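Those sequence lines, one after another, are chains H and S.
Per the numbering used here, the first sequence starts with residue 1, numbered consecutively.
Per the numbering used here, the second sequence starts with residue 1001, numbered consecutively.
Hints were generated in silico from the structure; no laboratory data involved.
Bear in mind the structure is a predicted one, so any value in this text is a computation, not a measurement.
All residues carry an ideal CB built from backbone N, CA and C; glycine is no exception.
Do not rely on the hints blindly, as some may be mistaken.
[Stated by the list, open to error] The calculated DSSO-like cross-link candidates involving lysine-lysine, where the alpha carbons are at most 27 angstroms apart (straight line), are: (1) H:Lys413 <-> H:Lys11; (2) H:Lys305 <-> S:Lys1293; (3) H:Lys42 <-> H:Lys388; (4) H:Lys270 <-> H:Lys5; (5) H:Lys42 <-> S:Lys1203; (6) H:Lys275 <-> H:Lys90; (7) S:Lys1152 <-> H:Lys468; (8) S:Lys1276 <-> S:Lys1293; (9) S:Lys1076 <-> H:Lys468; (10) H:Lys413 <-> H:Lys5; (11) H:Lys93 <-> H:Lys187; (12) H:Lys441 <-> H:Lys198; (13) H:Lys11 <-> H:Lys180; (14) H:Lys305 <-> S:Lys1301; (15) S:Lys1293 <-> H:Lys468; (16) H:Lys441 <-> H:Lys187.
[As the list claims (entries may be wrong)] Here are a few chain H residues that sit away from chain S, every Cβ distance over 10 angstroms (derived from the structure): (17) Leu17; (18) Asn88; (19) Gln171; (20) Pro318; (21) Gly320; (22) Leu410; (23) Phe444; (24) Pro476.
Listed below are the residues making up each chain.
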Amino acid sequence: MSDLKSKILPKLWRFDLKTIFLMAFFLLLFLLGIFAFLVEQKYGLLVTGMRTIGLGGSAWGVYIVFDIYFVGISFAGIVTSALIRLFNLKILKPLARMAELLAVISLLISTFCIFADVGRPLHALVYLPLFARPMSPFFGDFTLIAGAYFFASAIYLWLAGRSDAAYCASQNLPFRWFYKIWACGYKGTAAEQTRHYKTSFWMALAILPLLVTAHSTLGFIFGIQGGRPGWFSDLQAPEFVVMAGVSGVGMLIIIAAILRKWLGLEEEIKLEAFKWLGNFLWVLTATYIYFMIIDDLTSFYASPKIDTLVALRTLFGPYGGLYWTTVSSLFAAFGILFLQFAFNKWSIGLTVIAGFLVNVAAILKRFIIIVPSQVFGTLLPYPQGFYKPTWVEISIIIGTGAFGIFLYVLFLKIFPIVPLEEITIEKEKILEPGPRSFFRKLAFSSVFLTGILICVITFLSSARFGTKPYLDPIIPFSPLLFIVGIFITFFSAAVYEIVPSVKKSDL
Amino acid sequence: MSKFKNQIILLVRQWFLSEDLSLDGQLTRRGLVKILGLIFFLLAPILMLPKIAFGRKKIKKKKKKFTGEPPGPTPKWGMVIDLDKCTGCGGCVAACMAENNIPISRDGELYFGTQIYWMELLDPQQKVGPELKQAGLIPLPCMQCEDPPCVKVCPVGATMIDEEGIVAQIYDRCIGCRFCMQACPYSRRYFNWAEPYWPETYKNYINPNVSLRPRGVVEKCSFCFQRIRNVREIAELLNQPIKDEQVQRLPACAEVCPARAITFGDLNNPESLVSKLSQSPRAFQLLHAEGTKPKVTYLTKTTGGLSRNE
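Just need the whole structure built from these sequences, with the hints factored in.
So this is what it looks like as structure tokens:
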């Protein structure tokens, strides 16, 4: 344990030439993205490759592709840390914080893609919190993902990091106030550990259904559009959930392998961890391949003519190359992982290659879902066209990704990426109530119920069931208050953990 | 701090005690007025609350002198396009562009896929999309569906269907997410990819009755709502219901059509020409299987019925 501390702590706040160069490089790419965004704001979306549907264009392009991709990779963060807590997976524990950080950062940068995509970002910034309506599938994207999912992951990351923050605050590190704020008076007592164990278990349990809902709402954006052949499918929502898992676990494997090498964590992150993730990945990939085959079979066998036409053009038309690359990378990744599983011989390099392949497949598959249905899938005989992203779109996407990597590297340098302090509490001791438990329970339940109440009221206020669908929320800023409600609900976990056991006067 | 407090006490005492109390300690009239004034001042925000809460409705009531609602039942506007009469001259497209301030080009140049056509001529002979058993061109306005998918998906309520069945776009509200363009099965919605542009000489011809759309919003055919509003206001002033003859050629496309192929009117009125024509055995609706209930009906001898299940 102390060995791990001696590995991690000296590297904090040490910006060697290599790190500075790396961070400067990604910051430069981010600035390129900012420049492209400014160009887009000056000339309008004309500078992108997107065009009107019906005039041969595609009204949604790579921004939406990458929004979904970034939201997708956040899946791994939450699922992995939830699984670690729920099933007490000791092998994966060193990966927990990496995964949580991946979730928080990728959710953050996914919102950039949305703002690059909309025609009037400033209006979106005001009108979405003010008027968003649950009838639109975008409501889910805006509230559940940018709000609930993000805050839940952030609170999870914060609470799980408290013990390490307390340790860092006791060390000779710059910005001690930062660690002190993060630690929130964590002392490492048995009662605190018990509480953390409890809250992380319940949060994990609450986050898993939230996650399925959030990824399903992303699928609904496409799946419930009857007027767009190729999108309209029941399978869209489960497919999005599974694909999110595939790309997220793949990304986590890549990050774990890079950090293992970079920080010299060969002893902590064992081959077993990669084995576990690899097994998880091949199961998810197999499920996705199954969904994909069913989807393609359905669109070829007896579906409406136009659906078949879109499917045909996707497979053998101008985007055929992308489609077959997707399919072959998925199969290759599955093959690599499954053979390793079958012969029980695991190699980190091969697993990382599989992780990379599924991420390529995830990006291309989203492109294949989104674009061909628009350029070929008009129900009336409009001229057909072609969409390809311009330099502005590509720069913004690269800038967004680079900003994510920049934040990740920055976090590596200011906070231990591997949990230093293990929770040593045994399961038998967990039921032991700590001092001041009544006050804590009261504070927790009042915060929790307030959050739920705000959620329900504001949801009903913006949904306005039984009235016309375009009416504004009864209470202004209901969608924003809905997010606040979700935040308060999840914050109740923090309240439960943080309320100190001993009165101040006793100290 | 205590010095400050003492000063305040002194001030209050001076204010009240100097003139407001008479010599025997009774409150003078002046003092009473002062106290009542103070109480009212404190209560005023509370008294204002109902005004703040229900003020909007009151203002609405006051304005109800002239509403633009003529006598008679609420109409449901619809359109019938006779494809057998249509010559494909494109007059409707040009008239629509002039009437509704549709920019001719983007930043002075024509870019692929950025043009806006509230009314468009669809060529079914293109053989690239789904086939259509129709020989000539098909004029395509917005179908003004009764169950519009575009209204459902808008995240901010920037598109709505009004009491008369017109699916309207609220440009000020639109954030430009283009979800409605995805949802429309007819692809009748257009996005402003760049600033609208008119050559200098054209700027004098901009119709003051139709708002100009900024960059970054979606727009669509409104059944020439400004003309409907005009007719409605005149009918209200004259206190007469709107007559069918007044509106048969009301939208710009119907007005200019040399073959009189486009008819407009009230679908709720069984006596209107548009109602009678839409009952014709030649009548069909585009993509009726989509279930959006379009209010634009086409007439043709060849069975058209461009449905998804054909």
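Okay, the hints, checked on the actual structure:
no.	hint	result
1	H:Lys413 <-> H:Lys11	holds, 7 angstroms
2	H:Lys305 <-> S:Lys1293	holds, 22 angstroms
3	H:Lys42 <-> H:Lys388	holds, 21 angstroms
4	H:Lys270 <-> H:Lys5	holds, 17 angstroms
5	H:Lys42 <-> S:Lys1203	holds, 23 angstroms
6	H:Lys275 <-> H:Lys90	holds, 13 angstroms
7	S:Lys1152 <-> H:Lys468	holds, 10 angstroms
8	S:Lys1276 <-> S:Lys1293	holds, 18 angstroms
9	S:Lys1076 <-> H:Lys468	holds, 17 angstroms
10	H:Lys413 <-> H:Lys5	holds, 14 angstroms
11	H:Lys93 <-> H:Lys187	holds, 21 angstroms
12	H:Lys441 <-> H:Lys198	holds, 13 angstroms
13	H:Lys11 <-> H:Lys180	holds, 19 angstroms
14	H:Lys305 <-> S:Lys1301	holds, 24 angstroms
15	S:Lys1293 <-> H:Lys468	holds, 17 angstroms
16	H:Lys441 <-> H:Lys187	holds, 20 angstroms
17	Leu17	holds, 44 angstroms
18	Asn88	holds, 41 angstroms
19	Gln171	holds, 43 angstroms
20	Pro318	holds, 13 angstroms
21	Gly320	holds, 17 angstroms
22	Leu410	holds, 31 angstroms
23	Phe444	holds, 34 angstroms
24	Pro476	holds, 12 angstroms
Every hint from the earlier list agrees with this structure, and none is contradicted.
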